[in-house]
Amino acid sequence: MRYERPETIMDATALLAQASDSAFVLAGGTDLLVKMQNDDFEAELVVDIKSIAGMADVVETDDSFVIGAAVPCAALGEHEALCAAWPGVVEAANLIGSTQIQGRCTVAGNLCNASPAADSVPALVAANAQARIAGPDGIRTVAVEDIPTGPGKTSLAKGEIIEAIVLAKPTDRSGDAYLRFIPRTEMDIAVVGVGVCLALNDDGAVASVRVALGAVGPTVMLCPEAAETLVGTKLEDAALEALAAACSAASTPIDDKRGTVDFRKQVAGVLARRAALIAFERAGGSQ
Amino acid sequence: MSSIAVSTTINGDDVEYLCQADETLLDVLRNRLGLMGSKEGCGTGDCGACSTIMDGRVVCSCLVLGAEAQGRSIETIEGMANGSELHPLQTKFIEHAALQCGICTPGFLMAAKALLDVNPEPTEEEIRFWLAGNLCRCTGYDKIVRAVQAAAAEMRGEAA
Ligand SMILES: Cc1cc2nc3c(=O)[nH]c(=O)nc-3n(C[C@H](O)[C@H](O)[C@H](O)COP(=O)(O)OP(=O)(O)OC[C@H]3O[C@@H](n4cnc5c(N)ncnc54)[C@H](O)[C@@H]3O)c2cc1C
Ligand code: FES
Ligand code: FES
Numbered sequence: 001m002r003y004e005r006p007e008t009i010m011d012a013t014a015l016l017a018q019a020s021d022s023a024f025v026l027a028g029g030t031d032l033l034v035k036m037q038n039d040d041f042e043a044e045l046v047v048d049i050k051s052i053a054g055m056a057d058v059v060e061t062d063d064s065f066v067i068g069a070a071v072p073c074a075a076l077g078e079h080e081a082l083c084a085a086w087p088g089v090v091e092a093a094n095l096i097g098s099t100q101i102q103g104r105c106t107v108a109g110n111l112c113n114a115s116p117a118a119d120s121v122p123a124l125v126a127a128n129a130q131a132r133i134a135g136p137d138g139i140r141t142v143a144v145e146d147i148p149t150g151p152g153k154t155s156l157a158k159g160e161i162i163e164a165i166v167l168a169k170p171t172d173r174s175g176d177a178y179l180r181f182i183p184r185t186e187m188d189i190a191v192v193g194v195g196v197c198l199a200l201n202d203d204g205a206v207a208s209v210r211v212a213l214g215a216v217g218p219t220v221m222l223c224p225e226a227a228e229t230l231v232g233t234k235l236e237d238a239a240l241e242a243l244a245a246a247c248s249a250a251s252t253p254i255d256d257k258r259g260t261v262d263f264r265k266q267v268a269g270v271l272a273r274r275a276a277l278i279a280f281e282r283a284g285g286s287q
Numbered sequence: 001m002s003s004i005a006v007s008t009t010i011n012g013d014d015v016e017y018l019c020q021a022d023e024t025l026l027d028v029l030r031n032r033l034g035l036m037g038s039k040e041g042c043g044t045g046d047c048g049a050c051s052t053i054m055d056g057r058v059v060c061s062c063l064v065l066g067a068e069a070q071g072r073s074i075e076t077i078e079g080m081a082n083g084s085e086l087h088p089l090q091t092k093f094i095e096h097a098a099l100q101c102g103i104c105t106p107g108f109l110m111a112a113k114a115l116l117d118v119n120p121e122p123t124e125e126e127i128r129f130w131l132a133g134n135l136c137r138c139t140g141y142d143k144i145v146r147a148v149q150a151a152a153a154e155m156r157g158e159a160a
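Quick mapping for you: the protein sequence lines, in order, are chains A and B. Taking my numbering, I'd label the letters of the first sequence as residues 1 to 287. Taking my numbering, I'd label the letters of the second sequence as residues 1 to 160.
For reference, chain A alone in the conformation it holds in the complex (with noise of 0.2 Å):
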């Protein structure tokens, strides 16, 4: 294996290009050495992207949020502008792993392991985040949720790094919230998470709204038909039994010891209840 430390996001790009299929991107290597650990798995060159300038800070401009893909996600913790405007998601992201994989993974690498009970990725599909990519041919944009295509696999071509997720500022009256079941409180792989994302309008009802589900399918998912329940409500009962029936019924889930389909359905349907409740009272929204 080889290792590199490129100093300029073309320099990486060129490596990865020229390189062989068991290239790696590393960021904060919390599944990479993992992975790099077991025997069956070969990588020929590691890119280790952390002293490319730029790539460790979170930049906050007029209208958005750009978190650089080296940030550990205890840095987005510590960001007070990116709390208040992104709860949700900077608790999605704080719950991966523990203080020791806080001080390391990055939101980058949790979205390109394409694990689909990855943890910050319904909040940030929620969040309609977006994802700088750098590669042979330029830069492009692509939304969060069409990188990963499938349990471990990612849309990014040879030679393509994320350079950056970018959230816009929220608007005034809007709030997001992220929840997952885990059988234990702390250290454990989500058996289904839930981000919410919703905009009130000015008489507090709905305007708009994002709901993504984890865990419950080959990829983390935008639910489009469980986000028009909530539309023009105020989150009613009725709004809530809909919004919970529509995240059951997208839900496909894997059956195995850490939890049954059934149970799986089920419990998208409470968490998505409960944290589009958060995510309106986040909105200053009052039923």
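Treat the hints loosely; a few may be bogus.
Listed next, with one range per pair, are the computed distances between beta-carbon atoms [unchecked claim]:
#	chain 1	residue 1	chain 2	residue 2	range
1	A	Arg274	B	Glu126	17 to 27 Å
2	A	Ser208	B	Gln100	49 to 59 Å
3	B	Met155	A	Ala249	48 to 58 Å
4	B	Val15	A	Arg173	49 to 59 Å
5	B	Ser73	A	Cys83	21 to 31 Å
6	B	Met155	A	Val231	52 to 62 Å
7	B	Gly56	A	Glu241	45 to 55 Å
8	B	Gly56	A	Thr8	21 to 31 Å
9	B	Gln70	A	Glu236	52 to 62 Å
10	B	Ser2	A	Ala249	48 to 58 Å
11	A	Glu241	B	Glu40	42 to 52 Å
12	B	Ala97	A	Ile139	50 to 60 Å
13	B	Val15	A	Arg274	45 to 55 Å
The calculated SDA-like cross-link candidates involving lysine to any residue, where the alpha carbons are at most 20 Å apart (straight line), are [said to hold, decoys possible]:
#	chain 1	residue 1	chain 2	residue 2
14	A	Lys50	B	Met54
15	A	Lys50	B	Ser73
16	A	Lys50	B	Asp22
17	A	Lys153	A	Arg132
18	A	Lys50	B	Ala21
19	A	Lys257	A	Ile189
20	A	Lys50	A	Ala75
21	A	Lys50	B	Asp55
22	B	Lys143	B	Pro88
23	A	Lys50	B	Gln20
24	A	Lys35	B	Gln20
25	A	Lys35	B	Cys42
26	A	Lys50	B	Ala5
27	A	Lys50	B	Gly56
28	B	Lys143	B	Glu154
29	A	Lys35	B	Asp22
30	A	Lys35	B	Gly41
31	A	Lys35	B	Glu40
32	A	Lys50	B	Thr9
33	A	Lys50	B	Gly71
34	A	Lys50	A	Val34
35	A	Lys50	B	Arg72
36	A	Lys50	B	Ser7
37	A	Lys50	B	Thr8
38	A	Lys158	A	Asn113
39	A	Lys50	B	Arg57
40	A	Lys35	B	Asp46
No wet-lab data here; the hints were simulated from the structure. Glycine included, C-beta positions come from ideal geometry on N, C-alpha and C.
Dock chain B with the ligands against chain A, hints included.
The following block gives chain B with the ligands in isolation, referenced to the frame of chain A:
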């Protein structure tokens, strides 16, 4: 495989070593530098026995490449005591019998130190959440939490 030359700072001292690209920082500390205090419980980030502090953040050294330490500042358990004078956390771990076999202890001490460095007055809940990535099969955790509370109180200058 050619070796990588790394210059870093460990417990305040400039250190240089050669390592392989796929070698973890934990292996470098233990096998190349003779710093055997950091333990390997799992090698996969689950147990915290290998906890070290890198640029002020506690990390699992089993999930860091030795090559990544270039230009960084690393603290290990070997740097915790000041000569023969134990750190308050170490003293309180002994007084509270917060260890039995001791395998987890260096990791707990480094993680607890990182906590008290940023939060001198943590609540019991904050201590328990912060230390959730450190596993102990012997003590049942309670004595560890008490020891951290007592050390924090002493470091704040309060009678424990
Ligand atoms: C003990 C432990 C507990 C964990 N708990 C959780 C948990 O509760 N919830 C959860 O969701 N995850 C958990 N994880 C998994 C992991 O910590 C997260 O997925 C983390 O966010 C990965 O980020 P990283 O920066 O460490 O990724 P890395 O390991 O550096 O990379 C992950 C993958 O993405 C690729 N990659 C990374 N960055 C980029 C980029 N910028 N562009 C293109 N490709 C990239 C890498 O090549 C690699 O294939 C846990 C892991 C451990 C070891
Ligand atoms: S040995 Fe590193 S976490 Fe267990
Ligand atoms: S003292 Fe034995 S594992 Fe903690």
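Do the hints match the structure? See the list:
Arg274/A and Glu126/B have their C-beta atoms about 24 Å apart, which keeps the hinted 17 to 27 Å range intact. Against the hinted window of 49 to 59 Å, the Cβ-Cβ separation of Ser208/A and Gln100/B comes to about 56 Å, which satisfies the hint. Range check, Met155/B to Ala249/A: about 55 Å between beta-carbon atoms, so the 48 to 58 Å window is met. Taking 49 to 59 Å as the suggested C-beta distance range, the pair Val15/B and Arg173/A conforms, at roughly 54 Å.
The supplied range of 21 to 31 Å is met by Ser73/B and Cys83/A, whose beta-carbon atoms lie about 27 Å from each other. Between Met155/B and Val231/A the beta carbons are some 54 Å apart, a value that agrees with the proposed interval 52 to 62 Å. Evaluation of the 45 to 55 Å hint for Gly56/B and Glu241/A yields a pass: the beta carbon distance comes to about 48 Å. Judged by the Cβ atoms, the range 21 to 31 Å given for Gly56/B and Thr8/A holds: they are separated by roughly 26 Å.
In this structure the supplied range 52 to 62 Å holds for Gln70/B paired with Glu236/A, their Cβ-Cβ distance being about 58 Å. At about 56 Å, the beta-carbon gap between Ser2/B and Ala249/A stays in the expected band of 48 to 58 Å. Distance hint check: the CB atoms of Glu241/A and Glu40/B are about 51 Å apart, consistent with the given range 42 to 52 Å. At about 58 Å, the CB distance of Ala97/B to Ile139/A agrees with the hint of 50 to 60 Å.
Checking the proposed 45 to 55 Å range against Val15/B and Arg274/A shows it holds: the Cβ atoms sit about 50 Å from each other. Our distance criterion of 20 Å between C-alpha atoms is met by Lys50/A and Met54/B, whose separation comes to about 14 Å. With a C-alpha separation of about 15 Å, the suggested pairing of Lys50/A with Ser73/B holds against the 20 Å cut-off. The hinted pair formed by Lys50/A and Asp22/B meets the criterion: a straight-line CA distance of about 17 Å does not exceed 20 Å.
Taking the CA atoms of Lys153/A and Arg132/A, the gap is near 18 Å; set against the 20 Å cutoff, the hint holds. Proposed proximity of Lys50/A and Ala21/B is supported: the alpha carbons are some 16 Å apart, at most 20 Å. The suggested pairing of Lys257/A with Ile189/A holds, with an alpha-carbon distance near 12 Å, which does not exceed 20 Å. As the CA atoms of Lys50/A and Ala75/A are separated by approximately 14 Å, the hinted pair is consistent with the 20 Å bound.
Restraint check for Lys50/A and Asp55/B: satisfied, since their Cα atoms lie roughly 13 Å apart, inside the 20 Å limit. A hinted pair counts as satisfied when its Cα atoms are at most 20 Å apart, and Lys143/B with Pro88/B qualifies at roughly 15 Å. With a C-alpha separation of about 19 Å, the suggested pairing of Lys50/A with Gln20/B holds against the 20 Å cut-off. Between Lys35/A and Gln20/B, the direct Cα distance comes to roughly 17 Å. Compliance with the 20 Å bound is thereby established for this hinted pair.
Restraint check: the Cα-Cα separation between Lys35/A and Cys42/B comes to about 13 Å, which is no more than 20 Å; the hinted pair holds. Between the alpha carbons of Lys50/A and Ala5/B the distance comes to roughly 18 Å, so the proposed pair stays at or under 20 Å and holds. For a cut-off of 20 Å, the pair hint linking Lys50/A to Gly56/B stands: about 16 Å separates their Cα positions. Taken as a hint, the Lys143/B and Glu154/B pair is honoured in the structure, with Cα atoms around 16 Å apart against an allowance of 20 Å.
Distance restraint check for Lys35/A and Asp22/B: the Cα-Cα separation of roughly 12 Å lies within the 20 Å cut-off, and the hinted pair is therefore satisfied. Taken as a hint, the Lys35/A and Gly41/B pair is honoured in the structure, with Cα atoms around 17 Å apart against an allowance of 20 Å. For the given pair, Lys35/A sits about 17 Å from Glu40/B by alpha-carbon distance, which is consistent with the 20 Å threshold. Proposed proximity of Lys50/A and Thr9/B is supported: the alpha carbons are some 18 Å apart, at most 20 Å.
Only pairs whose Cα atoms come within 20 Å are accepted, and Lys50/A paired with Gly71/B is accepted, the gap being roughly 12 Å. Of the pairs offered as hints, the one joining Lys50/A and Val34/A holds, with about 18 Å between alpha carbons and a cut-off of 20 Å not exceeded. Taken as a hint, the Lys50/A and Arg72/B pair is honoured in the structure, with Cα atoms around 12 Å apart against an allowance of 20 Å. Distance check on the hinted pair: Lys50/A and Ser7/B sit about 17 Å apart at the alpha-carbon level, within 20 Å; holds.
In summary, the hint linking Lys50/A to Thr8/B is supported, as the alpha carbons are separated by about 16 Å, within the 20 Å threshold. For the hint pairing Lys158/A with Asn113/A, the CA-to-CA distance comes to about 15 Å; that is within 20 Å, so the pair holds. Note on Lys50/A and Arg57/B: the hinted pairing holds, with a Cα-Cα distance of about 15 Å set against a maximum of 20 Å. Annotation: proposed proximity of Lys35/A to Asp46/B holds, straight-line Cα distance about 14 Å (limit 20 Å).
In this structure, none of the earlier numbered hints is contradicted; all agree with it.
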